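Just need the whole structure built from these sequences, with the hints factored in.
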Amino acid sequence: MRFIFKTRYEQDLVLFKHPGQRFWYGVLMAALLLAPLVFSEYFISQLVFIWIYSVVGLGLTLLVGYTGQVSLGHAAFLAMGAYTEAYLQARGWPFLLSLSSAAIVSGLTGVVIGLPALRVKGIYLAIATLSFGFIVEEAVTRADSITGGNTGITLGSLQIFGLPIDSEARFYYVSLAVLILCILAVMNLMRSPTGRAFVAIRDSEISAQSMGIHLARYKTIAFTLSAALTGIAGALYAHKLRFISPEQFTILQSIEMLIMIVIGGLGSIYGAIFGAAFWILAQQLIVTAKDWLPPEIGQQTGLQPTIFGIFLVACVLFEPLGLYGVWLKARTFLEIFPFYRKGMFKRQKSYMKSERLK
Amino acid sequence: MQFLQLVISGIAQGCIYGLIALGFVLIYKATETVNFAQGDLMMLGGFFGLSCMVVLGMPFWLAFLATLVAAMLFGMLMERALLRPLLGQPAFTVVMLTIGIGYLARGMVTMIPGWGTETHTLPVPYKDEVLRIVIASGNDALILSTEHMVIIAVTAFLIAILFLFFRYTKLGIAMQATSQNQLAAFYMGIPVRRINMLVWGISAAVSACAGLLLAPITFVHVNMGYIGLKAFPAAVVGGFGSIPGALVGGLIIGIVESLSGFYLPEGFKDIAAYILVLVMLVILPNGLFGDTMRKKV
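Just so you know, the protein sequences line up as chains A and B, in that order.
Each residue of the first sequence is one higher than the last, beginning at 16 in the working numbering.
Each residue of the second sequence is one higher than the last, beginning at 136 in the working numbering.
No lab work stands behind these hints: they were computed from the structure.
Remember, it's a predicted structure, so these values are computed and weren't measured experimentally.
Misleading hints may appear alongside valid ones.
Here's a subset of chain B near chain A, in silico, CB distances under 10 Å, partners left out [stated by the list, open to error]: (1) Thr168; (2) Pro220; (3) Pro225; (4) Met243; (5) Ile247; (6) Leu306; (7) Gly307; (8) Ala309; (9) Ile362; (10) Leu364; (11) Leu394; (12) Tyr398; (13) Tyr409.
Below are the DMTMM-like pairs computed for lysine to aspartate or glutamate, each with C-alpha atoms no more than 20 Å apart in a straight line [to be verified]: (14) Lys344(A) x Glu334(A); (15) Lys255(A) x Glu271(A); (16) Lys32(A) x Glu56(A); (17) Lys404(B) x Asp27(A); (18) Lys404(B) x Glu262(A); (19) Lys404(B) x Glu334(A); (20) Lys255(A) x Glu56(A); (21) Lys357(A) x Glu334(A); (22) Lys32(A) x Glu350(A).
We put the beta carbon where it would ideally sit given N, CA and C, even for glycine.
As structure tokens, this is what we get:
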């Protein structure tokens, strides 16, 4: 068992808590860099999906997990990023510029929706973002001069500084680099005063306000950053699929993104990545399992939503920290080996909190 | 004449939204949680009614009653098995749970033989009939479809029953008390948990009823539940905690949708409800009938 004896306040802020972490993340990094040399192109392609969904998960967990604001319309930000990227790339903008523009456009949309939506909270916010998602979906379908309407648009091949990103392996490195930058950005954000303010807002708006946190400002910042991250993911998503159309950005997509991060574990970077990995790998497993199952079950289109739904309900009921919670428990169990007690991670019960004045 | 016709079909559609919104509001008032699976309960109701009529060969009225009872039991079971363990957890947990239940229900329904992913027609006795009413001679006749009329009539009847129930029965008054102040109600000897379970049952039954009424117009299919999402704007426009508000909100959304489908360019029909709710949230966040509530520390 490791005990970190903290002697300076700065130790609370370091990115790597102890040398072991530095070592293991180094090993992980090396393994990820070598992966395209070892695995098949198909597997690498799935890994790319995991990186992209992880960026989505990071964006969403920043808003939902850290700031405690529900959003049922995040597919709209994904669409914003994807369409901005497609539009700018067709006009010959270099990738880095169009990627940052995708983030900026998406982030600005986040401000626009954030300003009215943040006057309301809780359930009203969920409904406002839901409405926003529907409106963007419809707008994307109708604005066919820019978006190609229901027929969609195809993206050209990607180039970075003249280097063509034409193979799956090259795109793998691009998306991995983007993901790592996004993770570092979120980690840095969460140890800054802004990030601490987000967490304070999540835990209690009234206490946060009493501590001098400007609620509307910080919620808008959270909304903007979350939208920008999702926009970046959208741009990568557009390049990965090479073809985008409005039916990829429906309310179902928004709900599935939420389900993904809840299964992974809300409010942690690990959770976002675990969620994305689970989402993609489980889909692959289900596709593989279809050949084994009797055709009455295997050929059903509803198999995947059923399984994911069961996982989600099970997570909410038994494991509020999702897969990250499972990992945390397993690690603690091994770290303190014979001393693990059943009640160590017991959920706190509290009285029903009422939003009502009475 | 055309305007009147549009308004009436809007009212019929609005009644459906109103009924689903009523389901939300009942649960919200009683337990302060929002049920995102309300639309999916409606879908389940539609499918259950369909099976009663097609497979079991029941007449429509019997299937209707059977569906109401089944939905009520299902709602109560859902509360008991899934929601009660989460009492005292943050609101987001419950939101996620109900989203999960809805997602799960949509997945499972496609796997049930005979339900599946196809669209089905509910063989109601009043299908495809129209009423012609001539208001003033010389005008065109007002053509009303029976389906719309049945929706309006049944909704009115249901609302009347619910009104009488909440106003005059002991149980209804206990429910009102619970929704106003749980703790005080508990001290008065009202079994709060059982009451909440019953509220979930009533709410599920109301949405199943909406599903059966809607079935002749839109058919029964898996994604029927998405109509439930339009009931959120209805509930917000009316003020989230108000029962008459839910109905009025539903009617407003229905009429606005019907009119914008005709007078505005294509595409506005589907999002009119959402534009309306965003405008409403900006100018009047508490809705038409909602009361202002501030939280104290």
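Verification of the hints:
1. Thr168: 9 Å, holds
2. Pro220: For Pro220(B), the interface hint holds, since the closest Cβ of chain A sits about 6 Å away, which is under 10 Å.
3. Pro225: Pro225(B) check passes; min Cβ-Cβ to chain A is 7 Å, inside 10 Å.
4. Met243: Check passed: Cβ of Met243(B) comes within 5 Å of chain A, closer than 10 Å.
5. Ile247: Because about 9 Å separates Ile247(B) from the closest Cβ in chain A, which is inside the 10 Å limit, the hint holds.
6. Leu306: 22 Å, violated
7. Gly307: Gly307(B) check fails; min Cβ-Cβ to chain A is 20 Å, beyond 10 Å.
8. Ala309: It is violated, given that the least Cβ distance between Ala309(B) and chain A is near 17 Å, above 10 Å.
9. Ile362: This hint is violated: Ile362(B) lies away from chain A, its Cβ roughly 12 Å from the closest one there, beyond 10 Å.
10. Leu364: It holds, given that the least Cβ distance between Leu364(B) and chain A is near 7 Å, below 10 Å.
11. Leu394: 17 Å, violated
12. Tyr398: For Tyr398(B), the interface hint is violated, since the closest Cβ of chain A sits about 17 Å away, which is over 10 Å.
13. Tyr409: 3 Å, holds
14. Lys344(A) x Glu334(A): The hint holds at about 10 Å.
15. Lys255(A) x Glu271(A): It holds: about 19 Å lies between the C-alpha atoms, which stays within 20 Å.
16. Lys32(A) x Glu56(A): The hint is violated at about 35 Å.
17. Lys404(B) x Asp27(A): 54 Å, violated
18. Lys404(B) x Glu262(A): Given pair Lys404(B), Glu262(A) holds - Cα atoms ~18 Å apart, limit 20 Å.
19. Lys404(B) x Glu334(A): The hint is violated at about 41 Å.
20. Lys255(A) x Glu56(A): Holds, because 13 Å separates the two Cα atoms, which is no more than 20 Å.
21. Lys357(A) x Glu334(A): Given pair Lys357(A), Glu334(A) holds - Cα atoms ~14 Å apart, limit 20 Å.
22. Lys32(A) x Glu350(A): 16 Å, holds
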